[in-house]
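The hints should help you fit chain C onto chain P, whose structure is shown.
Protein chains in written order, with my numbering: chain P, -17 to 158; chain C, 923 to 987.
If you're looking for bench data, these hints aren't it; they were derived computationally from the structure. Treat each hint with caution, since some may be false.
[As the list claims (entries may be wrong)] What follows is a list of derived Cβ distance ranges for each label pair:
{"#": "1", "chain 1": "C", "residue 1": "L969", "chain 2": "P", "residue 2": "A(-1)", "range": "40 to 48 Å"}
{"#": "2", "chain 1": "P", "residue 1": "L(-3)", "chain 2": "C", "residue 2": "T978", "range": "50 to 58 Å"}
{"#": "3", "chain 1": "P", "residue 1": "L(-7)", "chain 2": "C", "residue 2": "Q941", "range": "42 to 50 Å"}
Beta carbons are placed, not taken as given, at the ideal position from N, Cα and C, and that holds for glycine.
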Amino acid sequence: MLNFEYMLGFLFGVLCALILIALIIKLSRKGHPGKCIVDERQRLVRGTGFKYAFFTLMIYDVILAFLMEFCLAPFITAPAAALLGICLSIAVFAVYCIWNDGYYTLNENPKVITTSFLLIALLNLINFGRYVHEGEVVVNHVIEVPIVTLAAALLLLLVAFTTILKSVRRKGEDEE
Amino acid sequence: MKNLRLKAARAAMDFSQQQLADKVGVSRQTISAIEKGDYNPTIHLCLDICHCLGKTLDELFWEEP
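Next up, chain P with everything else stripped away, as it sits in the complex:
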């Protein structure tokens, strides 16, 4: 049963997250803060990225269905499995788009976004540590939803490190 304090804490958390997102958008966008401006090449790259992400999710679902069907006991809850699949497909999309210069829009500042992602990843890792400490990640040999905090942290770290790696690589191949 959800008590009043829990709901109040939940609402406060949502409010903090919304303020944080608004702050990141404000700091990371040059010019039109509400719009994502992408050029025609970036739109093509994103389309291909979506395609790879879609097929990744399909393959993940087939493997998951196979494992669920043939494992004697369930090893992961359905919400956790679904959310991990989404994290995986987002990772494929993000890495492909970053590597092909289609991830960051024309009015975004990758440095601000990368820094925010690193900070949010750190918060997720701390939260995951708390879940591990309280024994909520694996209950009765079944992986529970809190595993998603680890997946989200790894996803954000992957996006941040791919951005850094790409910018280092770009410095070498910049304007001749």
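Here is chain C on its own, set in the frame of chain P:
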């Protein structure tokens, strides 16, 4: 195939890739990809680039068969 004519026209106008990209509303990487021949721009973008550099489509993008 590399588009050296675009690169030369841009250099003649003393534009960097970033400056040309800002003028036609694309990313610097897109201009770089066009010059390297890694990306075929749409006719719309070709026209924008031509207008910006004061050249015709033939001068910048026509390839002899």
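Quick rundown of the hints versus the structure:
no.	hint	in the structure
1	L969/C <-> A(-1)/P: 40 to 48 Å	holds, 44 Å
2	L(-3)/P <-> T978/C: 50 to 58 Å	holds, 57 Å
3	L(-7)/P <-> Q941/C: 42 to 50 Å	holds, 48 Å
Of the numbered hints stated above, none is contradicted by the structure.
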